[in-house]
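**Q** Here is what each chain is made of, one letter per residue.
There are 2 protein chains.
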Amino acid sequence: MVGMKIHIVYAHPHTASLNAALRDEAVRTLEGLGHTVTVADLYAMQWKAVADFDDFGPTENEAFMPAAGEAWEQGEIAADVKAEQARLLAADLVILQFPLWWYTVPAIMKGWIDRVFTNGFGYGTSRDWPRFGDGVLKGRRAMVVVTTGAAESHLSDRGVNGDIDSLLFPLQHGVLFYTGMEVLPPVVVTSAHPGFSASDYADAVKDLRSRLETFAETAPVAYRRQAEDYDDDKRLKPGLEPAGTTGFALHLA
Amino acid sequence: MVGMKIHIVYAHPHTASLNAALRDEAVRTLEGLGHTVTVADLYAMQWKAVADFDDFGPTENEAFMPAAGEAWEQGEIAADVKAEQARLLAADLVILQFPLWWYTVPAIMKGWIDRVFTNGFGYGTSRDWPRFGDGVLKGRRAMVVVTTGAAESHLSDRGVNGDIDSLLFPLQHGVLFYTGMEVLPPVVVTSAHPGFSASDYADAVKDLRSRLETFAETAPVAYRRQAEDYDDDKRLKPGLEPAGTTGFALHLA
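Protein chains in written order, with the UniProt record's numbering: chain A, 1 to 253; chain B, 1 to 253.
Check before you lean on any hint, since a few could be wrong.
Claimed, not checked - Partial list, computed: chain A residues near chain B (C-beta under 7 Å):
#	residue
1	V50
2	D54
3	F64
4	W102
5	F196
6	D233
Hints listed in this document are in silico derivations from the structure and should not be mistaken for laboratory results.
Ideal Cβ positions, reconstructed from N, Cα and C, are used throughout, including at glycine.
Could you build all of it, start to finish, from the sequences and the hints given here?
**A** Take a look at the structure:
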């Protein structure tokens, strides 16, 4: 399949980092496959990280969330936010690439999430807002590409850091799946520190390329859809899970 | 117990919000008990959210994490970061108060974490860096105070959002416990939207006051300490958990 559109949202402060090299490999690979790639390089763009009233036009609402909603209704949203929303709507695949800082995205990428997925676009205050499997970005796929200084064992099922799939759940389930996207398994590059060797890099590139070559047919993470598996209180209907399942595992079919 | 020091790190863009009212109640309550309170009001301070090379003095290191480490060694860290580190070191209790945005802290508070817990202070690159129960802030307590628009059922054990304890795990375990603090159960104010009533507010204040009055004797969350319960690969030693335990629950004793 050629001619698809991929939007890469990228955050790293060092222009010659491992992350930058992997981003360039991703762009080359995807363009080589005949796709069109856009990149939001958040540090290079000096992306405004902090969501505040300056993101909206004049508003009579003093409360933040209603003010955001009113600005959305009136089309009075900051231009940089509108541009990112347009890129997301145009994309077939959205990639978030970042170094894992304190078990989640760097602040500048959190600010991309906070500001782009504003009230009216990313979420609504109505209890029947379509989400978790439905939403504004339904029909698109998403994939996290993350580097971490931790070794693989530290992020494994019994690792002290917490297992990587659970650590990424609030982002993958709570942001990407929430807005309707199908979430592909993440590309995780571990032990990304000064000891990372040329051989480690070659392995990481091989893995990344393979995932990009197959993104359209890769099975997404099987998160349960709110519209089907949850009751009116948004609780998982009884009996759907294997006995004894707890925590985030409940939300996987 | 009187005369303790509490540092509140606070993030909300609206100066007359529910969060602001709860923060003021917290300050009044704690001062009324004879404690000393400092507040980092991140929006009011126009806290710099983005960690970048501007946080360091001149460095020959091009890579970000080594540059941060070198700046720490030489005392060349931004003044706002140093001031927050000093407040944390002086505190008996650290409170992080914020609205839950996309299942974690707002970007400005993530930027407080990214910048204050810099290489050399909050973490180190050595494999024997003391963490998860030990660390620079050992001896202190920490508590999250969070508001969320979601209803309680949405964040309950079977709620579609994910259960709140798991959602807060990367912050509570991965940041607060990582740096050595004992983490108290969070104060969670649900259904914080325009329908939040005077009676809801009174309940929230009552709960918050009670938690502040008892913070010194409240039992912390029983996260397992890395120094005792994990092997050299930082994996949980076999047989410590009830059969069938998976995910973040493994890290609770």
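**Q** For the hint on A/F64, does the least C-beta distance to chain B fall short of 7 Å?
**A** Holds. Min distance 5 Å.
**Q** Would the stated hint for A/V50 survive a check requiring a Cβ distance to chain B of less than 7 Å?
**A** Since the shortest Cβ distance to chain B is 5 Å, the answer is holds.
**Q** Against chain B, is A/W102 within 7 Å by beta-carbon distance?
**A** Holds: closest Cβ of chain B sits about 5 Å from A/W102, inside 7 Å.
**Q** Can A/D233 be said to touch chain B, with a Cβ gap under 7 Å?
**A** holds (4 Å)
**Q** Holds or violated: the hint that A/D54 contacts chain B, with Cβ atoms closer than 7 Å.
**A** Violated: closest Cβ of chain B sits about 9 Å from A/D54, beyond 7 Å.
**Q** Against chain B, run the beta carbon of A/F196 and see if the smallest gap drops under 7 Å.
**A** Check failed: Cβ of A/F196 comes no nearer than 11 Å to chain B, outside 7 Å.
In summary, the numbered hints that this structure violates are 2, 5.
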